[in-house]
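Use these hints to put chain V onto chain U, whose structure you have.
Protein chains in written order, with the working numbering: chain U, 103 to 391; chain V, 5 to 347.
The set of hints was computed from the structure by calculation and includes no laboratory data. Mixed in with the good hints, there may be bad ones.
Ranges between beta-carbon positions, derived for each pair [what the hints assert, rightly or not]:
| # | chain 1 | residue 1 | chain 2 | residue 2 | range |
| --- | --- | --- | --- | --- | --- |
| 1 | U | ASN161 | V | VAL31 | 56 to 62 Å |
| 2 | V | SER294 | U | VAL284 | 53 to 59 Å |
| 3 | V | ARG296 | U | MET360 | 40 to 46 Å |
| 4 | U | ILE283 | V | LEU287 | 46 to 52 Å |
| 5 | U | VAL284 | V | SER207 | 27 to 33 Å |
25 Å max Cα-Cα, derived SDA-like pairs, lysine to any residue [unchecked claim]:
| # | chain 1 | residue 1 | chain 2 | residue 2 |
| --- | --- | --- | --- | --- |
| 6 | U | LYS366 | V | VAL106 |
| 7 | U | LYS366 | V | MET138 |
| 8 | U | LYS188 | V | VAL106 |
Predicted model, so just to flag it, every value in this text is computed and none were measured. Beta carbons are placed, not taken as given, at the ideal position from N, Cα and C, and that holds for glycine.
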Amino acid sequence: MLSLWLNVLASGILLGLVYGLIALGLTIIFGVMRVVNFAHGEMVVFGVYVGYWTVRLWNVPIIVAAAIAAVVMFVFGYLLEALIVKRFVNRPHHYQFIVFIGLSLLFSGALLVAFGPDPRPTASQLSFQTVSLGLVTLDLARLQAAATAGLLIALLGAYLKFSSFGRSLRAAADNRLGGLIVGLNIPRVYAVTFGIGAACAGVAGALISPLFDAQPYLAVDFTLLAFVTVIVGGLGSFGGALLGGLVIGVAEAIAALMFTPSMKTALPYALLIIILVFRPRGFFGAKEI
Amino acid sequence: MQKKFDRGLERTRWLAGITVFAVLGLVGMLANPYVISLMTIVLLFTFLGQSWNLMLGIGGQLSIGHALFVGLGAYSVGVLYVKYGISPWVGLLTGMILAGSVGASIAWLSFRFEVRGIYFALLTIAAAEFARIMFSGWEFVGAMQGLFFPAPTGGIEISMLRGDARFYYFVALALAALGIIGTEFISRSYLGYVWRAMRDDESAARALGVRTFQHKILVISISAATAAAGGGVLALVQGSIFPDSIMGMGLSVDVLIGPVVGGLGTTFGPLVGSLAAIPLNHLMSALGDSLRIPGLNNITYGVVLISVVWFLPDGIWPAIVRLCKAIQAPPTALLWQSRKVEE
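The following block holds chain U by itself, in its conformation from the complex:
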């Protein structure tokens, strides 16, 4: 019994790290640009497809697929911001939301056109391998995904904290006008921020491609999951995204064990409603909307 619980807990934590990476992408975009990326789930699914195709075509390890997804999605996010999103950054929130709903419909339609509605399992040897650590047995794909996600979160945190670009990004997040006054290239900062956010989603997608079948309809679930995670942690907070991811991952795993599978999907929303009611800004979010 103890071993079962430990296993469930461990797999929840591992998946939670990946959720944390997805949420981090959303929270960075929101924190800097004050824009809620409603098409985030589609970006995750783009990553899943990048993982699926690279593994299928060149049979590379998932890590390489994740690196490819990072580059592809960074360029995608950068261009998307520079071409479309930047025109709406200063509009009222509901207009932005509607634009992003439009983008999400556009992307999911494009995914359907390109790949069709059928799920495609990424047939990787990795999906079946396991590692035993005492009482706990972990599957390798999950462990690898979580380790990579954790490493990336740490690297990104360090980059934003210590690099000169990280400083300007945080400055832009704190005070846009002030940043403009001291000569920050705000449009570039925004485009790079959006690129980083999209890259986080893409990498996470590629990392979980051995665990989830690639399918366009996954996108809505990932978008909502990312929202729940980010709100539980607090919109715009770096540590909050990570904590939110872990909480949601563990909660999902426990709910699947204790209740019926449908409860597993309902629980994050119930959690979200409770958190919004008692702690509207999440665990760490303090910023005014």
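Relative to chain U, chain V alone:
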């Protein structure tokens, strides 16, 4: 001068409204079954759009979970009629009360703790998704297998709200007309002014003595109750209820497309927007089916939404109004307008 001009415009508005509904009535009597069924959906979504529009366009609260209220209305009608044989009129009323109180409690919970703006929008999504998953697992209401209405017997029964496609077309037409008249009435009443003031600047409205907390709850529960009425009729028209289609994110998006495309906060916007967007969507999904390209309609909707916000941020209807004014206005009024812009 300006006042006289406004009165002229007012008359044109009424004439335009009556003409539109006369044409729609004629459509109902003459058109073929395909057009009738398509237009029924257009009119129902006009009504649902009005309800959503009341919340954002006038009340200033963004809801992306309107499917929750639509679904509650649909399930109230469905459960009472299919399980107990109770008239849909009772179901509609129950659904409106139910959705109104759910809307009021969501609003109460969130505004009590100053959950606003984006957080409120996300809360509505969360509530809708939570309800959808709960209903998908609830055996009594049919779970994922859905709930089916018995096939119509052919005759028109007003007391049971049952009839053929043409009957439902006129029910939908009546609802849409009611929605338009109601919106016009509300936006000219005391409440309309208060809500618009609250939408534009909540703190200022509060400083002037508006009890914004109560008013926000009121506008949301009215919007929720009307959405439930639309949902109940939608369920009757479709003849079946599935949690994923009546409570899913997709329906919430369908509800907001009409008013956004047509014009936020305007009376005729939802009608114009639904008339433009829904037939386009049907055309594109038919095209996608015949070309074997799934997702074509999603792409079209996406492009339409983005380009409306990009090029016509206040929607199609205000653009039409501007055009009419430019044609109709006497030169002095135009002069007056241009002077106003210069100021």
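Flag every earlier hint the structure violates by its number, smallest first.
8
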